[in-house]
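Chemist: Chain by chain, the residues:
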Amino acid sequence: MFLGTLIYSLVNAVTLALVALGFNLTFGISGIANFAYGALYVLAGFGSWILLNKLGLPLFVSLPLMVLVTSAIGWLLYRIILIRLRGMTISEVIATFGVGLAIVEFFRYLGFVEFKYTLPVFVEGSLFIGGVYLDLQRAIIVALGGVLTGSLWIFTRHTKIGLAFRGIAQDERTALCFGIDSDHVAALSMAFGAGLCALAAVVILPLGTISVDAGYDVLLKALAVCIVGGLGSSIGVIVASFIVGVAQTFSAMYLGSHWMMIVTLVAILAVLVTRPSGLFGKQKQLEERI
Amino acid sequence: MKRSIRVWLATVFALCLGSLAPQPLLAAGETGPIILGVPTSLGFTSGKECLNSVVLATEEINSKGGVNVGGTQRKFQVESIDIRDAAPGVPVPEALLGLEKIILDKKAKAILVGPFRSEALLAGMDIIAKHKVPMLGTIAMTPASEDKIKQDPDKYKYIFRVGINVKYFVGYQLGIMKQLKESFGFNKVFIMHQDVLWARGGAKAFGDALQNQGWTLLGTEAYPTGASDFSPGLLKAQAGAAQVILPIFDMPEAGILVKQWQSMKVPALMAGIIVPLAGSEAWKAFEGKIAGVLNMVFEIGSVPVPKVPQSVHYFEAYKKRWGVEVQEQHGPAPAYDSVYVLAKAIETAGTLDPDRLTDALKKTDYKGAIGTIKFDPQTNQAIFGNDPTQTAVGCMIQWREGGKRVVIYPDAIAEDKIVLPSWMKAAK
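Protein chains in written order, with my numbering: chain A, 1 to 290; chain B, 1 to 428.
In short, the hints are calculated from the structure, not lab data. Glycine included, every Cβ here is placed at the ideal spot set by N, Cα and C. Each hint should be verified, as a subset may be incorrect.
[Unchecked claim] Chain B side only, calculated, beta carbon under 8 Å to chain A, not exhaustive:
1) ASP229
2) LEU235
3) PHE286
4) GLY288
5) GLY292
6) GLN327
The task is simple: from the sequences and hints, build the whole structure.
Modeler: This is the structure we're talking about:
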């Protein structure tokens, strides 16, 4: 039972990391808290279902296509709405939350509330590890988490766009002096964030059914992990995902499943009280308050 | 005085006189349609299909001329409102604003379907009692509403439930568990349930009753709505060598439970309530991996039962009207029947007066899609049992290869016996 708990806690941790990476990337680069994040997750899920079942596209065409479409929507969200509100944090939150609500409730209005909306797994079958079966889809999630983290690290250090991202994240005004267009970078960060969100959706949603309310759940999970890890810190997101993910699974196993949510909330509270900017966050004004 | 001012004063005076004029003996509304209010969570499949079922029944009744109200034929008109009480994070008081709105703004003469969540129903009972509007609920299942009615029968007499309650579905589940024990020698069970009022009550009732029946209860796990990993519970069930896993879920994420059960190859039969597995489309949605699963259908009609022709009529009529088969196993069929029950009560009472209408409802004896509908005189709960000629009936279905849902319990309507999946062996 311990090995099984360890394996599934690892899966849970990587799932949380995948869910939170996009949100964290967007905030870290452009300072925009994208509260439409959960809605984009659901949009990617339903969009993939429509491409698969209504248009009859193959699985490995539908999913990448939906990731690209969601990225484009993220880019448009910045270019049409957020560019006008740049710098006004509360307005950005309200605007993105409003867009997110509109997307989720639009799907609910269209009748996407039944249980038939599922995505097929990539590969059928299970791995047998030390007496525990782990389905291949979950194994793919773990592998993808590792590959994505590595790819993001390489991207932000060895590509022009990645370096521009880091420049804007470190000091926007100085980056502007170097000719980096902050609006262009912010739009790209929204696109990348949305794309990562969609990627998380298309690999995680085959585990169950696609539900409109998953949008709210995903946003909460992403926020929880980012708050614990520190908004804007990729390392913080990874570490926080593991802390929360492992704690959730072990507490569910050894204390009771109803402790899963409590663990998350306790983690958030503990971090906010001791380190308000998160474990690896860098918002000094929050630290100074305590 | 200027002419314009005189004209203005005369107009105002005329309007005042008009407002004081005696009302006609029959106000326009009394010959107009009878408003049926459907305040529920329309953004959820059960709520949506309940509304569709009410509309279907209303259209059928209206096509035959409507309802005779003391000598006047009047038609039904359905007004709905999405109170979102089933959506996570929606406070109950906010949801109940919709209930009050449909009574006050839309002038509903009766409420059908009602709140989705039991918490909202319990809180909404006072609103119903305050406005004296008969309600025929079909979704919220808590017996606590019946306790309230028993404690103050005069205040809460307007509240009826046509759908099943927790007590009855526990009875059906226990009947199946008894069959599993007697037929296959199973005696170890693990309960996994959603952390909401009706499921908590059901889990406790199951746990106590199954232990009395000689089952070993290996554990009970509660999962919050929205939970996405059921591995702890499944690992515990596997470690304890559970032969039966008894799930109690109505949330979409329960689909993850089923898929995880499959992928983790937990050698226990899934027998309980997983709402995503009830409808005919579940076979395709879960890629045919649910063969062998036993799932409860709370009211027949959601599954057509050949031995109850009205259930087949409803199932076929719904498909013809809406182009899809009913998918929800709880709510739509009693919602359909509740319109006919109400119509019959109105014709018996000869009036829409809530007190007389309520008295007529109490005497209901109607053969509908869910069986024979009669209300318990103390609790206004439709009586469920195993014989559709005497009571309303729920059933247990088993998924078979090829995507067929076979009714296996109760015996009065069963099409076949339980068949163990090929990967399971009987314990005797």
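Chemist: Please go over all the hints and tell whether each is borne out by the structure.
Modeler: We went through each hint and held it up to the structure:
no.: 1; hint: ASP229; verdict: holds, 5 Å
no.: 2; hint: LEU235; verdict: holds, 4 Å
no.: 3; hint: PHE286; verdict: holds, 7 Å
no.: 4; hint: GLY288; verdict: violated, 11 Å
no.: 5; hint: GLY292; verdict: violated, 18 Å
no.: 6; hint: GLN327; verdict: holds, 6 Å
In summary, the structure is inconsistent with hints 4, 5 from the numbered list given earlier, while agreeing with the others.
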